[in-house]
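Spelled out, the chains give:
Protein chains: 2
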Amino acid sequence: MEQRYLEIDEWKIIEEGWDSNNHMKSESIFSIGNGRMGQRANFEEAYSGDTLQGSYIAGVYYPDKTKVGWWKNGYPEYFAKVLNSVNWIGIDIEIAEQSLDLAQVKVSNFRRELDMQHGLLSRSFSAEFADGKKVKVETQRFLSLVKDEVGAISYSITPLNFDGKVIIKPYLDFDVENHDANWEEKFWAPVDEKVAAQKGTVTAKTKKLDFHVSAAMRFEVFAQGEHVTLYPETEQREKYVANSVELQMEQGKTYTICKYAGITSSMNYAVEKLSTTADERASQAMRTGYDKLLEEHKAAWLEKWSTSDIVIEGDAAAQQAIRFNIFHLFQTFTGVDPRLNIGPKGFTGEKYGGSTYWDTEAYCLPFYLSTTQQEVSRNLLIYRYKHLGKAIENAQKLGFKNGAALYPMVTMNGEECHNEWEITFEEIHRNGAIAYAIFNYVRHTLDRDYLADYGFEVLLGISRFWAQRVNWSEAKGKYVMLGVTGPNEYENNVNNNYYTNKMASWTMSYTLTVVDYLKENHADRYAELVKKTNFDEKAEMEEWADIISNLHIPIDEERQVLLQQDGFLDKDLRSADSLDASERPINQHWSWDRILRSCFIKQADVLQGLYFFEHQYDKATIRRNFDFYEPMTVHESSLSPCVHVILASRIGYGEKAYELYLRTARLDLDDYNREVHEGLHITSMAGTWMSVVQGFGGMKIIKEKLHFEPLLPENWDSLNFTLRWREAVLNVSIDKKNLTVENTSESTAEFVFGPHTNQLKGGKKIVLPLAP
Amino acid sequence: MEQRYLEIDEWKIIEEGWDSNNHMKSESIFSIGNGRMGQRANFEEAYSGDTLQGSYIAGVYYPDKTKVGWWKNGYPEYFAKVLNSVNWIGIDIEIAEQSLDLAQVKVSNFRRELDMQHGLLSRSFSAEFADGKKVKVETQRFLSLVKDEVGAISYSITPLNFDGKVIIKPYLDFDVENHDANWEEKFWAPVDEKVAAQKGTVTAKTKKLDFHVSAAMRFEVFAQGEHVTLYPETEQREKYVANSVELQMEQGKTYTICKYAGITSSMNYAVEKLSTTADERASQAMRTGYDKLLEEHKAAWLEKWSTSDIVIEGDAAAQQAIRFNIFHLFQTFTGVDPRLNIGPKGFTGEKYGGSTYWDTEAYCLPFYLSTTQQEVSRNLLIYRYKHLGKAIENAQKLGFKNGAALYPMVTMNGEECHNEWEITFEEIHRNGAIAYAIFNYVRHTLDRDYLADYGFEVLLGISRFWAQRVNWSEAKGKYVMLGVTGPNEYENNVNNNYYTNKMASWTMSYTLTVVDYLKENHADRYAELVKKTNFDEKAEMEEWADIISNLHIPIDEERQVLLQQDGFLDKDLRSADSLDASERPINQHWSWDRILRSCFIKQADVLQGLYFFEHQYDKATIRRNFDFYEPMTVHESSLSPCVHVILASRIGYGEKAYELYLRTARLDLDDYNREVHEGLHITSMAGTWMSVVQGFGGMKIIKEKLHFEPLLPENWDSLNFTLRWREAVLNVSIDKKNLTVENTSESTAEFVFGPHTNQLKGGKKIVLPLAP
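Chains as they are written, first to last, in the working numbering: chain A, 153 to 924; chain B, 153 to 924.
Any given hint might turn out to be false.
Because identical chains share one entry, a pair is satisfied inside a single copy or across any pair of copies.
Within a straight-line C-alpha distance of at most 27 Å, the following computed DSS-like cross-link-like pairs (lysine-lysine) qualify [as the list claims (entries may be wrong)]:
id: 1; residue 1: Lys503; residue 2: Lys359
id: 2; residue 1: Lys690; residue 2: Lys450
id: 3; residue 1: Lys224; residue 2: Lys503
id: 4; residue 1: Lys286; residue 2: Lys917
id: 5; residue 1: Lys219; residue 2: Lys360
The set of hints was computed from the structure by calculation and includes no laboratory data.
For reference, chain A alone in the conformation it holds in the complex (with noise of 0.2 Å):
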């Protein structure tokens, strides 16, 4: 762990005096999204130290070329890239010739803020030039949540001992570049550039899919709060426009521009229209102006929390920690547009290009399912849905038939962007973690509509894909699933992975009662699927059947715990506590071939399955296994440790329950890989959630009814939480005594806590104490 830089705070993440060494760092820290774009903390004015600037628009990628040693038939061309888009921030600032740069002036008070309640950043410093000159700056910005097109600031110079000209200048630029590009190119090319007084446009294009972006900016400029009547000078050169504004400033008084922007892209609206729709949103911004678009914006950011807060009582780093995670969740992704997904690192850095990972379904779907209105969920699963035919499509690549569907593994538009053959062509349980979040959704809501809709048409196309991957062994008498790799990346290309085959027949298991319900609940629909489909219901379905029955899943008969894959025993069985130190993490310091071979696992794998299918298991399997495997994982995933959280919480192991959850808790705001300046780890922040509610607040569901089983670190004062629950919002609390459960909202609600299932009406609250 980094040394701590950064202030606690229950709302707020502050940085105090200004170090350029944790800069990047904090440009990941103190990013704003607003789901359809997001902006890395990067400065307003010029910055010539290390930085990496970063501005991203929801669904604008590029397809870079694969990069590969060793090509293998069916990789995929290219690997989908976070796009990194215009610059609407910049605004140059010059006095007396001399630019604003931090890395060129002395720095003093310099104070950064990100208010996690109202989705606001801010910043303050002051700055003496080599002239002695100083000058007093505060800016803010936001991403409106409300306008999610708009981006505004608001940036403040005080002049402290000096009058003088000031040349302020905001600009627009697309001239920027990727990191990670995998070829050292450029991915924009220009379009157009327009620019007047006060405003001006630039629009670019993606040199490969054609996606447009244009961006437009606004901005007035007040003294003290007045309106400054403004003569700016314009600049335009390819890909860029600015205009340039001179101010004669007088000592102490205070002089601020508000610039705002509008982002506008060929996803949303015909090319021609790009540039003055983009132009509409900023002047629109502008007329209503700055103080009333964060007004909107902050409530926006309040009506959020009401059905999402997690209060920690005793333990201020944790609770600044969880609603970081909740906050970065809901700025990455808010579920309004369907063709949108969670990338691993948001909107916060480039690393790992395209932006849709099993983690959407396996980790993010349970946070947005409990926090926000179904139709949210309900979008991450119509992604899958609306590339459903890119993934019959992958499957036929890889040798399937008859509408089988495998999932990618890492994708932007349902095309696989992957290329390690090992992962690629070999991790298919992530098609398990997309038919599973049906169930999920299903058993959370009860909209079983979408099965009819959507959901059918997906699982069948995954069991088909499983129907097919599986194969008789004659020397076994079952069903053998081989060549996979598990979720526990340090094993690949193993036979009979307990946790993937035991998706597969579930999900085949599922599809047949799905089938069922369909048959007696939506004939006219079923008919009509069966033939889009061309489903041979009986013979599809005794396969199925045949091969849930006979589909062999690896036990250790001596032990009675379920094996990762066939040959695990095999392995010089040893805790991860024999590693020195000097070989941790083993990724970092052992061959690739060693870790293979090793016992040791990355994240959760029989665990996996054991947490998805708790209410199949009695608790004593759960323990026999939790015992077998925890000792082996050394936890080298960020999105590791929530799930053997949330099973060692429910088998009574509240001090491993706690040690685990500090693993990830605050991962990125302590820095514990040291790569935070990257950007951030959106998508474990959800596993940190389910650690949280799931593990220590030990809500469950089963068999539709929603359970809670809490286990409280013993050095919190209280946890409390808030959930929607279908109709109802239930607020949660757990102290030392009791369980607390207050249904805010005015739809009754049911849990079940120990043997009894409470009804709670609306605006009621029930306390039960915990036992002893």
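Position chain B relative to chain A; hints supplied.
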């Protein structure tokens, strides 16, 4: 198979008629080499059509920065590339301001011929220019087998229908590039150019590693055989020197330029002497004269053939092919320098970069053992001895200790060049081939001193590797070897590959016997070695013995066949015949995961073990395993069929053996895989030799005795081959009736045929009837 465009001839490769589509193939096929350098059959004069200019100097390579998609810990930083080097053959011809360029003139009577008996490339054609002028051209060239830094060219022009000015411009050009460069950079930096009348030198160095190479040229011109006094103009630029000679030619007279090149490298000379030495070589060659140089070169080739020729009666295509293979093997490696080795494409192309694979030990060594002096094979072994230190470092990098050695999969200087984890880290059986080569060498030559001088250290390093690479499986109560790739690269990361486990236990067991031998016969040297290697005799030998006795060897009890790996029987076991023609080769039509989980075998794996250890298995075992594995083998490696041919011959499957033999016999001459333009398959040529001599000829060594167990293909009248066997040279003939062995040397030889051991004195011949 491509349409055959080459003539069948016993000793020659002949191309009649000009078709530019065949040129790049011919450039490979007609390549010349002398072990020290090699040259593709590029034209001397300018050629603007498709060509792969290729001139290679043994041992001079370039560490090209590794290209990889997903870096794995332990990958090497670079891939050593065989380096395209100075173009020394160039002679530009200009007639009335028209360049002689076969892509621009009308060509008739084109003939290209490679005389394999004498190592001579020649070419003749007539060219008609746009202005109607016609010339006849006749060229010859060779790389001297006697003076291995010298190349010589005779280039004759006869004006057919005009008198006039012809400009002849011999040059040296170092501005060359590798087509397979990872990052499209040129590898050579200029050092120095010198030019004067009738001579020139150019020196360049590699941008990394500082290899320096100098080329010098001298030339003389004859008119109708009479020396012409020349007044050339000189030309010089970076990496290039030339002489321009203007000749007034008369119709019907023949003008010949003899160009002599000397090429030296910093592997053999101090950099400051490089250029002068090269010039000395060239000027000595000119003093000697073309005809005399050629004469001694031819004699050297005849000498090589005297102990290695194979005569096949009744099959002219097979006759040509086997000589083609022997010829290219000798062109690639002559065995005079233990720093050199045999690249998969020799000096005929660039692909596969680094020069040494396990091909050398497994396929090439048997050829050189049987056809050349002992020293040649010994040098191949010493090559690996010299790399032992790097092999130990390589193993350390992967976590091994105490002098364990892992030889690289691909190398130039002993360092690993390959970067695919499943090969680099897991295809460790290569280590076994290097140990086996020592055993093979000793049983051939009885040079047991080699064990004391070099062999033991290598065996110790490899045995130590195996001992650390296995682990104890509690579940099996056996040692196991997890996570390997066997010779069949269509399975990756498997457990207990029979071949690898067998090689491991055999290596340890052989090392134990070598220790005993050394203790008894080389006590002092042994004591020295124990000290040098920190050999803990008792503990290490006990550990090996324990592993040998308890190493898991997978067997199918029911079928009584050895298993390729633990999970093999879980596969869908099908015959390759069941594949549709459109799916083959599967490596071009199937995705990698599908190949991996299929039962299809790229090349001999279990059968490779049965070939190496034929003396340990009875014929029934060989037959059972052959019957099981051959039908699943797709032979998608040029190295595959030979082992199957040998085993099929041994178990009396004559038809099968011949069918398999046909797959490689004319692989390059008939361009089966449409890739000959990239270079020839040099190492698999040794496999074809093995097929003929060890397969049909039935030559084998059991307990240090020479055996013959021939099985002549039905459509061959007879097979005759010459072998060195220790001090003797044996000429072996097999026809439909008899095995005839003639001892053409002065030393007595012994061989076993059927139940009888035959003593054959020098100069004697014995005729033994084949069993009915």
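- Task: Output the numbers, in ascending order, of every earlier hint that fails for this structure.
- Result: As far as the earlier hints go, 2, 4 are violated by this structure, in ascending order.
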